[in-house]
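Student: Single-letter residue listing:
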Amino acid sequence: KQEVTQIPAALSVPEGENLVLNCSFTDSAIYNLQWFRQDPGKGLTSLLLIQSSQREQTSGRLNASLDKSSGRSTLYIAASQPGDSATYLCAVITGGGNKLTFGTGTQLKVEL
Amino acid sequence: DAGITQSPRHKVTETGTPVTLRCHQTENHRYMYWYRQDPGHGLRLIHYSYGVKDTDKGEVSDGYSVSRSKTEDFLLTLESATSSQTSVYFCAISEHTGTGSNQPQHFGDGTRLSIL
Numbered sequence: 001k002q003e004v005t006q007i008p009a010a011l012s013v014p015e016g017e018n019l020v021l022n023c024s025f026t027d028s029a030i031y032n033l034q035w036f037r038q039d040p041g042k043g044l045t046s047l048l049l050i051q052s053s054q055r056e057q058t059s060g061r062l063n064a065s066l067d068k069s070s071g072r073s074t075l076y077i078a079a080s081q082p083g084d085s086a087t088y089l090c091a092v093i094t095g096g097g098n099k100l101t102f103g104t105g106t107q108l109k110v111e112l
Numbered sequence: 001d002a003g004i005t006q007s008p009r010h011k012v013t014e015t016g017t018p019v020t021l022r023c024h025q026t027e028n029h030r031y032m033y034w035y036r037q038d039p040g041h042g043l044r045l046i047h048y049s050y051g052v053k054d055t056d057k058g059e060v061s062d063g064y065s066v067s068r069s070k071t072e073d074f075l076l077t078l079e080s081a082t083s084s085q086t087s088v089y090f091c092a093i094s095e096h097t098g099t100g101s102n103q104p105q106h107f108g109d110g111t112r113l114s115i116l
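Chains as they are written, first to last, in this note's numbering: chain A, 1 to 112; chain B, 1 to 116.
So here's chain A without its partners, still in its complex pose (with noise of 0.2 Å):
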């Protein structure tokens, strides 16, 4: 059975500093890795999707990699912003039927 695991629960950081957060998984035969945002009382916003086949993927000022064959993934913040404050979830689809299984999460705070 797959599980995804994110290290630290909880984060907090003073603004403009680059950050990086963890994730891994017990089973390395994955299709592809997704990463999400979830403010207080609101859904799951996509940020990245990596493919197995993938090193990385890029958008704005997130990076998010993945080694596979580790079983781990990071996502990378630069410059954080207090408006980066949200819980950011990375979940993995193993199976057939593109079924997600997550991670409990990381609470980022971004201080002034």
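Wrong hints could be hidden among the right ones.
[Stated by the list, open to error] Capping the alpha-carbon separation at 25 Å, the derived lysine-lysine pairs in DSS-like fashion look like this:
(1) 68/A with 99/A
(2) 42/A with 11/B
(3) 1/A with 99/A
(4) 42/A with 109/A
(5) 53/B with 99/A
(6) 99/A with 57/B
(7) 53/B with 70/B
(8) 1/A with 109/A
(9) 1/A with 42/A
(10) 57/B with 70/B
(11) 57/B with 1/A
(12) 70/B with 99/A
Quick caveat, the hints were computed from the structure, so don't treat them as lab data.
On the provided structure of chain A, position chain B as indicated by the hints.
Tutor: Relative to the frame of chain A, chain B by itself:
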């Protein structure tokens, strides 16, 4: 934003009553999903659909049933609600393009369900 509407957005009901949640999409995507989100457990898949009348179970399907009679609508039913089903329920959609799809899942805003 992906065209996904969940209804109702909030509901309070009593143990033993039937409850139906609706997910409506305007994207004509093939795949639709129901997840629940609970503290300490994250999001877990309840059921999903890969086409009209085609559904399958997820990780936590006990006590839930689903139906999809049209591409745009996916219903989640709790036949006899229990307090353990108090949760936030999310619907998601994706355009599946084969094994290892590169199409992301997009989520609705959720339904907050409280069962007393």
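Student: A separate judgement is required for each hint: does it hold in the structure or not?
Tutor: A quick look at each hint next to the structure:
1. 68/A with 99/A: 18 Å, holds
2. 42/A with 11/B: 16 Å, holds
3. 1/A with 99/A: 13 Å, holds
4. 42/A with 109/A: 16 Å, holds
5. 53/B with 99/A: 18 Å, holds
6. 99/A with 57/B: 10 Å, holds
7. 53/B with 70/B: 8 Å, holds
8. 1/A with 109/A: 32 Å, violated
9. 1/A with 42/A: 28 Å, violated
10. 57/B with 70/B: This hinted pair holds, its Cα atoms lying about 19 Å apart.
11. 57/B with 1/A: 15 Å, holds
12. 70/B with 99/A: It holds: about 21 Å lies between the C-alpha atoms, which stays within 25 Å.
Violation of the numbered hints given earlier is confined to hints 8, 9; the remaining hints are satisfied by the structure.
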